[in-house]
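As they're listed, the protein sequences go chains V and P. In case it helps, my numbering puts the first sequence at residues 1 to 397. In case it helps, my numbering puts the second sequence at residues 1 to 264.
Careful: at least some of the hints might be erroneous.
Residues of chain V clear of chain P, computed beta-carbon distances all greater than 12 Å [to be verified]: (1) E11; (2) F34; (3) L395.
Taking lysine-lysine and the DSS-like style, the derived pairs with C-alpha atoms no more than 25 Å apart in a straight line are [stated by the list, open to error]: (4) V:K119 to V:K75; (5) P:K25 to P:K227; (6) V:K184 to V:K311; (7) V:K17 to V:K184; (8) P:K17 to V:K51; (9) P:K199 to V:K393; (10) P:K25 to V:K390; (11) V:K390 to P:K199; (12) P:K10 to P:K24; (13) P:K227 to P:K17; (14) P:K18 to V:K308; (15) P:K199 to P:K3; (16) V:K390 to V:K17; (17) P:K72 to V:K308; (18) P:K95 to V:K308; (19) P:K72 to V:K230; (20) P:K3 to V:K308; (21) V:K10 to V:K308; (22) P:K3 to P:K18; (23) P:K24 to V:K393; (24) P:K18 to V:K393; (25) P:K227 to P:K199; (26) V:K171 to V:K184; (27) P:K249 to V:K390; (28) V:K230 to P:K95; (29) V:K393 to P:K17; (30) P:K3 to V:K311; (31) P:K10 to V:K393; (32) V:K393 to P:K249; (33) V:K311 to V:K10; (34) P:K17 to V:K308; (35) V:K119 to P:K30; (36) P:K24 to P:K227; (37) V:K393 to V:K308; (38) V:K42 to V:K230.
Hints were generated in silico from the structure; no laboratory data involved. Computed from a predicted structure; not experimentally measured. Glycine included, every Cβ here is placed at the ideal spot set by N, Cα and C.
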Amino acid sequence: MWLVFLKELKELLRDRKTLFFMIALPLLIFPLIFGGIAFMTKQAIEKAETKVLNYAVIGEQYAPDIYAGLQQPDKFSRVELAADADFAALIRDETVDFVVVIPENYSSDVLSAGQATIKLYLNDAGLNLVYKRVNEIVEQQGELFQRAAFNQLGLDENQQVALLEPIVLEKINTADSRENWGEKIGGMLPYLLFILCLQGAMAPATDIGAGEKERGTLETLLISPIERNKIVLGKFLTIGFAGTMTALITVASMALWGIVLSQGMALKFVADFMGQIGIIDFVLIFLMLVPVVSIFAAVLLSISIYAKSFKEAQSYMVPLVFLVIVPVVMALMPGVELKGGWAWVPLTNVALAMKELVKGTMDYFQLIAIFGSTMVIAGAALAFCVYWFKQEKVLFR
Amino acid sequence: MIKITQLAKKFAVENPKKLSEQEKKDPRLKGRFFHSVQDVSFSCAQGQVLGLLGPNGAGKTTTLRMLSTAIKPDAGSVEINNVDVLRNPIIARQKIGFLSGSTGLYGRLSGRENIAYFGQLHGMSPQAISSRIDELAELLDMHSFLDRRCENFSTGMKQKTAIARAVVHSPEVVILDEPTTGLDIMATQTVLDFIRRLKAQGTPVIFSTHHLDEVDELCDRVTVIDKGSSMFDGDIASFRALADGSLHKAFLTSIGQVPAAVVA
Chain V
1 MWLVFLKELK ELLRDRKTLF FMIALPLLIF PLIFGGIAFM TKQAIEKAET KVLNYAVIGE
61 QYAPDIYAGL QQPDKFSRVE LAADADFAAL IRDETVDFVV VIPENYSSDV LSAGQATIKL
121 YLNDAGLNLV YKRVNEIVEQ QGELFQRAAF NQLGLDENQQ VALLEPIVLE KINTADSREN
181 WGEKIGGMLP YLLFILCLQG AMAPATDIGA GEKERGTLET LLISPIERNK IVLGKFLTIG
241 FAGTMTALIT VASMALWGIV LSQGMALKFV ADFMGQIGII DFVLIFLMLV PVVSIFAAVL
301 LSISIYAKSF KEAQSYMVPL VFLVIVPVVM ALMPGVELKG GWAWVPLTNV ALAMKELVKG
361 TMDYFQLIAI FGSTMVIAGA ALAFCVYWFK QEKVLFR
Chain P
1 MIKITQLAKK FAVENPKKLS EQEKKDPRLK GRFFHSVQDV SFSCAQGQVL GLLGPNGAGK
61 TTTLRMLSTA IKPDAGSVEI NNVDVLRNPI IARQKIGFLS GSTGLYGRLS GRENIAYFGQ
121 LHGMSPQAIS SRIDELAELL DMHSFLDRRC ENFSTGMKQK TAIARAVVHS PEVVILDEPT
181 TGLDIMATQT VLDFIRRLKA QGTPVIFSTH HLDEVDELCD RVTVIDKGSS MFDGDIASFR
241 ALADGSLHKA FLTSIGQVPA AVVA
C-alpha cells in the first residue's frame, strides 16, 4: 500500500501541471488577483476624490455661503447654465458633473424660513464621490445655522443635544468580536476548504485512475502480485493527501498574504481574531476535514477508474463540484444551525461545525454525531471504491 | 509447463441495442450474455513457444487476460508447473510475466524507476532489483536511456523498458498479447530477439499475433482460436500440413474457410 502511495506521490510531484494547481495557484495567483483588485479599487477611489468636477449652480444668489464653498479651483470648476436647461441631458453628455439648485427660501435664519431643500442633480450610477463632496460643504453650513438658531433660542448645551436626538437607542452586542466575525468568516471557510480540497484532489484522481487506463499501465498493475485493496488504498491516500495539501497551502497562503497586506489596525485585528481561536479548534477543523477529504477521494477514484479516458473522467467530475457546493451553501443559509436534523446532513454538518469552531460557540458533543456520520459515509465510499476496483466490467470497459 | 483446459468466459451484455449487426449475428451471443471464450484448451512445455492465432474478436485477448489473472474465467483450469493458478491469483502472478502491445509506462518515472516499481510490487529486495535491472539493461542494451524519463522515449526504448519490466521477477511463464502490433521494424526485432532468448532459457512463451512470419520464425506450437473455441492445437509441422506448407492457407483451413486458391 505504501509502495503504491509513494510511487504515486513521486509521479505527482514530477507533474508540473498538478504542481501548478496545487501550489503555485494558491500561493501566487490568488494573492495577485486579490491584491490587484484591491489596488485598482484604491486607485479608482483616489481618482474620484481628486477629480476636478464641473458644476453648475442655479440660485446662487440665495446662498452666497454655499457658492463660496464651491469656489475651490482645485476641486470644482463652474459652468454657466440657464435655469431651465435639461440637467439630465447635460450630465449625460458630460458638460457638467453635477448641478446644484438652491431654493428661494434658503436662509440663515432657519427659525423663520424653515427647512431648505437643495437639489443635487448627478449621475449616481457607478463610483463617484459627488454627493459626499458637496455634502461636506452643505453640512458645514447647516451646522452653522443650527448653532445660530440655538443661540437665538437661548438653549444650553444639554438642551441642544436633547433636542437634536431626544431618545437614543443604544445597542449593546453580547456577542464578542470573535463570534461576530466568526459568523462571517467561519461561514466562508468550509466553502473555501471543501472546494479547494475537491479541486486539488481532482487532478491526481484523474491521472491515477483514468490516466492509468489510458496509458495502458493499469492492466500491468492489476496483474502484479499485490492485492487490489492495497492498490486502491495507495491511490486513495495519494488523492486525499493531494486534496488536503492544496487546501492547507491555500489557507496558509491566504493567512500569510492577509497579514502581509493588511497594515496597522487591520493587522492587529487579524492577529487578535486568530489568537482567540484556540489550537484545539484549529486541530478539530483539520480533523473534520479528514473524513470529508476521504469521501471526496473515494468518490473521485471510483469515477476515475470507471472512466475510459482522461476526458471522460473530467466530464464526470465537473458535476461533482456542484454537488459539493449545495450542502455547503445550505450551511450558509440563515436559520440553518448545528441542531437536530442539520447535524446529520453530510457535508452541511461539517461546514456548520467549522463555523461554530471559528465562532467559539461549538457544542463539542455534536462532534460525535458529525465525526460519526461523516466517517460512516467515508468508509462506505471507500468500501464501494474497493468493490468497484474488483469489477471486471469497470476495469475493462 | 503451462496447461489450459476448457477455459470459458462470458460477459453480461448491458445494452443489447448497442450491439453492432455483426455482433448480433455472432453465435456466441446467448440472451443477456456474450460468451466471448467458450472452450479453449492448449498446453506449452518448457522451452516451447506457442503462437496464438485467430481473427479479430476471436477471444485471444480475453484468453490471455484470463491466463494473466487480470480477469477470472467462468470455467476451465490453468496450471503452471502443476499449480492451479486460478485458486491463488497472487501466487500465479509471481509466476507470470505479461506484456501486451498496448502496455504503457509511467511517463514521469525514469526507465529504471518503472522497472524497480514492479520489482518492489513483486516483493524483491532492493539489491535483487538493482542487480536484475543491470542484467536486463545489459541484455537489452538499455544503459544509454535507463535513467531518463519515459515520456520522451522512442517506441523501441519503451518496448525494451516494458519487456524488462515484465520479466524483472524472472517469471516461469511469459505471456505476450500482440507484442509487435504497432511497433516499427527495429522494435519488433527487439521483441522477437527477446522471445528467442526466453526460449533458449527454457521459459515457455505464449504469444498472440497476426503475423504469420513471426509464427514461422519462432513457434513450436500453434493454437488457432475462432469464435471463442480452439479450432487447432498442435505443433507447427502438423499446422503446416493442413494446407501443403502455406501458413496462410493452413490458418484459413483451420478456421473452416476454404482458401480461395483451392476453390479455383
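Going down the list of hints, with the structure as the test:
no.	hint	verdict
1	E11	violated, 5 Å
2	F34	holds, 32 Å
3	L395	violated, 8 Å
4	V:K119 to V:K75	holds, 20 Å
5	P:K25 to P:K227	holds, 12 Å
6	V:K184 to V:K311	violated, 38 Å
7	V:K17 to V:K184	violated, 34 Å
8	P:K17 to V:K51	violated, 72 Å
9	P:K199 to V:K393	violated, 35 Å
10	P:K25 to V:K390	violated, 31 Å
11	V:K390 to P:K199	violated, 34 Å
12	P:K10 to P:K24	holds, 15 Å
13	P:K227 to P:K17	holds, 21 Å
14	P:K18 to V:K308	holds, 17 Å
15	P:K199 to P:K3	holds, 17 Å
16	V:K390 to V:K17	violated, 30 Å
17	P:K72 to V:K308	holds, 21 Å
18	P:K95 to V:K308	violated, 29 Å
19	P:K72 to V:K230	holds, 19 Å
20	P:K3 to V:K308	violated, 33 Å
21	V:K10 to V:K308	holds, 24 Å
22	P:K3 to P:K18	violated, 36 Å
23	P:K24 to V:K393	holds, 20 Å
24	P:K18 to V:K393	holds, 16 Å
25	P:K227 to P:K199	violated, 29 Å
26	V:K171 to V:K184	holds, 20 Å
27	P:K249 to V:K390	violated, 42 Å
28	V:K230 to P:K95	holds, 20 Å
29	V:K393 to P:K17	holds, 18 Å
30	P:K3 to V:K311	violated, 41 Å
31	P:K10 to V:K393	holds, 11 Å
32	V:K393 to P:K249	violated, 37 Å
33	V:K311 to V:K10	holds, 23 Å
34	P:K17 to V:K308	holds, 21 Å
35	V:K119 to P:K30	violated, 88 Å
36	P:K24 to P:K227	holds, 13 Å
37	V:K393 to V:K308	holds, 11 Å
38	V:K42 to V:K230	violated, 55 Å
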